Structure formats: C-alpha cells, structure tokens
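Student: For the record, the sequence lines run as chains A and B. Quick note: the first sequence uses UniProt numbering, first residue 1, plus one each step. Quick note: the second sequence uses UniProt numbering, first residue 1, plus one each step.
Simulated from the structure, these hints should not be mistaken for laboratory data. All values reported here derive from a predicted model rather than from experimental measurement. Each residue gets a CB set at the ideal place from its N, CA and C atoms; glycine is no exception. There may be inaccurate statements among the hints.
Unchecked claim - Some but not every residue of chain A turned toward chain B, in silico, with C-beta under 10 Å:
| id | residue |
| --- | --- |
| 1 | Ser127 |
| 2 | Gly131 |
| 3 | Ala177 |
To be verified - What the simulated footprint calls covered on chain A by chain B, stretch by stretch (three residues with Cβ under 8 Å from a Cβ of chain B suffice, anywhere in the stretch; the number is not a length):
| id | stretch |
| --- | --- |
| 4 | 156-170 |
| 5 | 179-186 |
As the list claims (entries may be wrong) - Label pairs and their computed distance ranges (CB to CB):
| id | chain 1 | residue 1 | chain 2 | residue 2 | range |
| --- | --- | --- | --- | --- | --- |
| 6 | B | Gly190 | A | Ala156 | 35 to 41 Å |
| 7 | B | Asn37 | A | Val148 | 52 to 58 Å |
| 8 | B | Ala114 | A | Val148 | 57 to 63 Å |
| 9 | B | Glu89 | A | Gly99 | 37 to 43 Å |
| 10 | B | Gly135 | A | Ser127 | 21 to 27 Å |
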Amino acid sequence: MTQFLSLLLNGLSLGAIYALIALGFVIIFKASEVVSFTHGSLLLLGAYSIARLSEPLGFLLAVLAGLAITALAALLVERFIINRLRGAPVISLAIVTIGVDIILLTELIRRIGPDILNVPHPWGGESVRIGGIGITQNRLIAMIVAGVLIALFFVAFKYSSWGVAMRASAEDGETAALMGIRQGRVSALAWVVAGVLAGVAALFLVGSPTPGVSSAVYATALRAFPAAILGGLDSTGGALVGGLLIGLAESLAAGYQEQLLFLGRGFGEVVPYVVMIAVLLVRPSGLFGTKELTRV
Amino acid sequence: MLSVDSLRVTYGGAVEAVRGVTMEVPDGKVVAVLGSNGAGKSTLLRTISGTLRLHRGRVDEGAVHFDGEALTGRDPGQIVRRGVVQVPEGRRIFGRLTVEENLRAGGMGNRDRAAKAAAHARVHDLFPVLAERSGQRAGLLSGGEQQMLAIGRALMASPKLLLLDEPSLGLAPRVIGQIGEVVAEINRQGTSVLLVEQNATMALGVADLAYVLDVGKVSLSGLAEELARTDEVQRLYLGHGDAAATGPVGRHSRRTLSRWTA
Numbered sequence: 001m002t003q004f005l006s007l008l009l010n011g012l013s014l015g016a017i018y019a020l021i022a023l024g025f026v027i028i029f030k031a032s033e034v035v036s037f038t039h040g041s042l043l044l045l046g047a048y049s050i051a052r053l054s055e056p057l058g059f060l061l062a063v064l065a066g067l068a069i070t071a072l073a074a075l076l077v078e079r080f081i082i083n084r085l086r087g088a089p090v091i092s093l094a095i096v097t098i099g100v101d102i103i104l105l106t107e108l109i110r111r112i113g114p115d116i117l118n119v120p121h122p123w124g125g126e127s128v129r130i131g132g133i134g135i136t137q138n139r140l141i142a143m144i145v146a147g148v149l150i151a152l153f154f155v156a157f158k159y160s161s162w163g164v165a166m167r168a169s170a171e172d173g174e175t176a177a178l179m180g181i182r183q184g185r186v187s188a189l190a191w192v193v194a195g196v197l198a199g200v201a202a203l204f205l206v207g208s209p210t211p212g213v214s215s216a217v218y219a220t221a222l223r224a225f226p227a228a229i230l231g232g233l234d235s236t237g238g239a240l241v242g243g244l245l246i247g248l249a250e251s252l253a254a255g256y257q258e259q260l261l262f263l264g265r266g267f268g269e270v271v272p273y274v275v276m277i278a279v280l281l282v283r284p285s286g287l288f289g290t291k292e293l294t295r296v
Numbered sequence: 001m002l003s004v005d006s007l008r009v010t011y012g013g014a015v016e017a018v019r020g021v022t023m024e025v026p027d028g029k030v031v032a033v034l035g036s037n038g039a040g041k042s043t044l045l046r047t048i049s050g051t052l053r054l055h056r057g058r059v060d061e062g063a064v065h066f067d068g069e070a071l072t073g074r075d076p077g078q079i080v081r082r083g084v085v086q087v088p089e090g091r092r093i094f095g096r097l098t099v100e101e102n103l104r105a106g107g108m109g110n111r112d113r114a115a116k117a118a119a120h121a122r123v124h125d126l127f128p129v130l131a132e133r134s135g136q137r138a139g140l141l142s143g144g145e146q147q148m149l150a151i152g153r154a155l156m157a158s159p160k161l162l163l164l165d166e167p168s169l170g171l172a173p174r175v176i177g178q179i180g181e182v183v184a185e186i187n188r189q190g191t192s193v194l195l196v197e198q199n200a201t202m203a204l205g206v207a208d209l210a211y212v213l214d215v216g217k218v219s220l221s222g223l224a225e226e227l228a229r230t231d232e233v234q235r236l237y238l239g240h241g242d243a244a245a246t247g248p249v250g251r252h253s254r255r256t257l258s259r260w261t262a
C-alpha cells in the first residue's frame, strides 16, 4: 500500500511537469493552429542554458536567464517561421516544426556531448517523507510550482483579455480579426508562455531523481506529446489531465516492473504511448478535445 | 464618410467578383446594398474590412477611403481602430465563449476605456436580453439573440460606420423586423450603417440610400424609397408585379434581368 501511494505521489509530480509542457503545446495549437514539435528541443535548450549559466550567474539568475532564453527561442520560431507561413497547410507547418526541432536538437547534443551537465538545485537530491511516503524534494517542489503556475494559467486564460482574445481567435480566426484582435500578437504571446512553461518544466525534469542535463532529457520531454494528444489537442483542461495520467501511468509501470515483466523490461518508457493509443481508440479526439476541428 | 471608387477585386487572380463599383456612405446615413448570391456583396464588405487577403482576394483597381484615409492595404485591426466595424455574415459569434466574453472580444480593438464602458452600456440598453444572458454560453442563444449578440459585439468597438452582412439570414420574419428597428435605432444614435441584404423589404425600409449590385456591378442606385418603387426592384427583390409585363427599367439596365424560375 505504501509503495502504491508512493508511486501515486511520484507519478502525480512527474505528471505535473508533463502537464506544464503539454499546456504549452495546447495553447500553441489553439493560437497558431500548429502542432509544434519544436517543444522537445526548446525544453532541452532551457535545461542546457540553466546548467551552463548556473556557474557564472548563480542558480537563481541562471534559472531566470534560462526561462528568458527558452521564451525568446519560442518567440523567434513563431515570428520568423510560423507567422510567415500563416495559411500554409497544417501538415506542412508540423513538418517545418520537426525540421526546426532537429536543427536545434542536433546543435544542443553537439554541445552537451556525452556529458551529464549538473544543475546545482539548492534543494539538492534529498528526499522527504510524508506519512511514510518518500519523494525527492525536487519533485515535491516541482509539484507545488507546477500547481501554482497551472492555476495562474487557468485564471489568466479564463479572465484576462489575452485569454479571451486567445479563445476567440482559436474559435474563429477571421471573425476575431474583424473585431480588431491582432492574431499575430495573440500567437506570439502563446509561444512565449509555452516557452516559459517548457523552461520551468526543464528546471525540474533535470533535478533528482534525474542525474542532470543529458540528451536523454529530450526523450522525457517527448512524453508530453501523448499527454497533450490524449487530453485533446485543443483542450487546456485536457492537457492537465493528460499530463497527470501519463505521469501516473509511467510511475506505476516503472514501480510494478517486476509484476509486469511479461511485457519486457523498461515498459515504463513506452507506457505513455500505450495509454495514448488506448485512449484514442475509444475517444479519437482525446478525452476533452472538440469532436471536429473544422469550422462552420 | 466611406467612399468606394471604381473598385475591382479578383480572387486567385482570375475570378472577378467586383467589377468597377463606385458608391458612397454619407455620414449618419443608412445605405443598403441589395443583390443576389454572387453579386459581389460579401467581396465588397471584405475589401472594406480588410479581410480580403484571408480569402486570397486582391484589389486590382480602385480604392476604399474612410474620412479621407485609404483603407485598402490596411489590416482588419487598423480598420477597426479607424471606426469601421463589420458584423459578419452568418453571425459568427464565438459559441464556446459566454455572451459577456463575446462582448469583451468585440471591445478588444477599442483602446479607450471610457468609450468601451459607454459602448457596453449602449449594447445592454439596446439588447436587454444580452444583459440577462451575460454568463451563458453564446452557442446556446437562439438565432435572433445570436444576431443581436453579433451586432452588440461589433458595437463594442464604438464604430463610426457599422457594416452589416445579411443580418436577416435564416431568421423568422418577426425577428427580421426587430433587426430592422435595431438598425434604425443604432443609426439614430449617430452611427452610419452599410447594410448588405437579400431581404429588400427590410433593407429598403430602414435605408436612406440604396445600391443594387448585379454580377459585380452597380445596376441601380438612388434613394431607398424611390428604388423600392422601381419595377425592377419590385419584381426581383420585393416579389410584386408581373414579370412578363415589365419592360427594361432603371438607369443601368443594359442587361434584362429575369426572375429565376426552377
């Protein structure tokens, strides 16, 4: 029972990180109608920047700089590529983002090399016990920070002008334009927000129990894609639920590895994709996705 | 004042939708544009509101000016900020947003807080039902209420000129009458209106001036009440008169128009 609760808590904290990434993915889709595959390498860029800058700048400044760099990179991708290709087929845009992702990823891997860069989190690698359930401090803080950020995001999405403009443009871009809503600005802001969320996710993904920044972080970041898809690509609530589900599934599959041995070792790594496929078979547009994305 | 000068618009470089249209909307007036499907009414409005590019259309010749400033070549946001706001055809309300959020979206182009508050009060005054339903999802409103929301949303930008694209489309006759009254009231409050309609009875009832578009050209124009009396308009748009008995009338009737019969 303790093991189960422990896996549950750790799964939720991992899921909260996935939810941050998936949220960014979803708002980019809503604002720019692009499935952005650059997200994995943007996240790695954030992690790499924080690790490299923490020696000269100190941890706190390095984190702020890392977030700024990730947000800026996202903004540049939007301004110089996505915004100029407005109106191109969705598939072409998705392939373009894969291209950008590969370029950025290749450069980052070259820079990181075979090393594992250390990020000196002030909270270190210690674990805490809550009623007999163990969790690393990093994951606990991640869960709290992610929870606060996600709550802030939902409040802004519901009540701020940006949120209303964003939802209006997502529903009917031409009419939003007729109302004087500047879609370029809405879209740029969505990428910046997504960049910041990815940066925060990067900060916690490379902390304990993960050893540090290596190219393997990229593979972890990719698991936010099935989270976004299974929640419903155009649903922010879906991204949250999807992220938590994937985190839980991964944690449970890894924890009960012995019992799941008939599926082979390392089943935890593929379980996000298995869950995604299972959900999509039952609900093709995801748990909370709009049934049809065509506009009437 | 809005002026359209020998405007020519093509889609995809080939299809000519508007072929040399010249018209004016004087300050404080309601101007109706009548015409059947494919007459170029929507293209005309897209050109004025700056959304032509989204439909791969292009202005080949001519220009649109508002208060002496060229509108052609500007993006929709800039045009809204100059006081020209369109209510799109088919209402196009944001169905997943609440009524209040729709109004907020309409006010996004309006920088002036005081003007926005005044516009909001005006909308609730014109359409009390929108105040009652403010927290409801807009998609749950009836067709007539949705049209009122679409008009209210456009009014949130405090327009000097309101463009209405077939507001009567798909509505019951009683509701169409209400829309006509609302248009007249909006105009009384000082907003000029360009009303594009297929429903000539309502349009000519509220308009001061009217133009009839036929395959991309102005075929008739003049005072609305005079136009309503011409045989051509009676026959084609108002459904009166005997089709066989009427000869060619109107100022530009090079082509004999005939009623479409199946």
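Student: Each of the hints needs a verdict: does it hold here or not?
Tutor: Evaluation of the provided hints:
1. Taking 10 Å as the C-beta contact cut-off toward chain B, the hint placing serine 127/A at the interface is violated, the least distance being around 44 Å.
2. Of the supplied interface hints, the one on glycine 131/A is violated, with its beta-carbon coming no nearer than about 41 Å to a beta-carbon of chain B, more than 10 Å.
3. The beta carbon of alanine 177/A comes within 4 Å of a beta carbon in chain B, closer than 10 Å, and the hint placing it at the interface holds.
4. Check on the stretch 156-170 of chain A: 5 of its residues sit with their Cβ under 8 Å from a Cβ of chain B, so the three-residue criterion for coverage holds.
5. Under a criterion of three residues with beta carbons nearer than 8 Å to beta carbons of chain B, the stated coverage of the stretch 179-186 of chain A is upheld, 4 such residues being counted.
6. For the hinted restraint 35 to 41 Å between glycine 190/B and alanine 156/A, the CB-CB distance of approximately 36 Å keeps it satisfied.
7. In this structure, asparagine 37/B and valine 148/A meet the distance hint of 52 to 58 Å, their C-beta atoms being roughly 54 Å apart.
8. Restraint check, alanine 114/B to valine 148/A: a C-beta distance of roughly 35 Å breaks the suggested window 57 to 63 Å.
9. Under the hint 37 to 43 Å, the C-beta atoms of glutamate 89/B and glycine 99/A, about 38 Å apart, fit the expected range.
10. Taking the beta carbon of each, glycine 135/B and serine 127/A are about 46 Å apart, not inside 21 to 27 Å as hinted.
Checked against the numbered hints above, the structure violates hints 1, 2, 8 and 10; every other hint is satisfied.
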